[in-house]
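A.B. asks: Those letters in the sequence shown? Residues 1 to 108, by UniProt numbering.
Some hints could be false.
Label pairs and their computed distance ranges (CB to CB) [what the hints assert, rightly or not]: (1) D60 with R82: 22 to 28 Å; (2) S76 with S32: 30 to 36 Å; (3) H86 with N48: 18 to 24 Å; (4) R82 with A36: 24 to 30 Å; (5) A90 with E69: 16 to 22 Å.
Since the hints were made in silico from the structure, they are not lab data. The model shown is predicted, which means the values in this text are computed figures rather than measured ones. Ideal Cβ positions, reconstructed from N, Cα and C, are used throughout, including at glycine.
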Amino acid sequence: MVRQSPCASPSTPRRELGHGTNSAFWTQLPLSLLNAAQGHPMLVELKNGETLNGHLVQCDTWMNLTLREVVQTSPSSSANSRRWDHAQNAANRLRSNTSASTTTSSTK
Numbered sequence: 001m002v003r004q005s006p007c008a009s010p011s012t013p014r015r016e017l018g019h020g021t022n023s024a025f026w027t028q029l030p031l032s033l034l035n036a037a038q039g040h041p042m043l044v045e046l047k048n049g050e051t052l053n054g055h056l057v058q059c060d061t062w063m064n065l066t067l068r069e070v071v072q073t074s075p076s077s078s079a080n081s082r083r084w085d086h087a088q089n090a091a092n093r094l095r096s097n098t099s100a101s102t103t104t105s106s107t108k
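Construct the entire structure; sequences and hints are all you get.
C.D. replies: Here it is in structure tokens:
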């Protein structure tokens, strides 16, 4: 079965979805993915280049994140990092986030 992303232009190559591919991923909205990731480790990259690694506690409708067990790392050096037991992050500071069994992040 061939599906095309709703954002893709006609010149964008189509992606083949075969067996073992989670086609539901292509139809979920970012907020739905964040809500499903609650309780899981997450990596968040901020616009200033800092990264936050921790576990997602909650996400509101504006995509403001609350994380626990957070490690904040500056873009200049991974050796300079801070630890937070609990952190909140405003959505307007986010560049991207990645949910997996990797890491989570946020700042106060």
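A.B. asks: Against each hint, give a clear statement of whether it holds in the structure.
C.D. replies: For each hint, the structure was consulted:
Between D60 and R82 the beta carbons are some 24 Å apart, a value that agrees with the proposed interval 22 to 28 Å. Range check, S76 to S32: Cβ separation about 35 Å, and the 30 to 36 Å hint holds. Checked against the given bound of 18 to 24 Å, the beta carbons of H86 and N48, roughly 21 Å apart, stay inside it. In this structure, R82 and A36 meet the distance hint of 24 to 30 Å, their C-beta atoms being roughly 28 Å apart.
One distance hint, 16 to 22 Å for the beta-carbon pair A90 and E69, holds here, with the actual separation near 20 Å.
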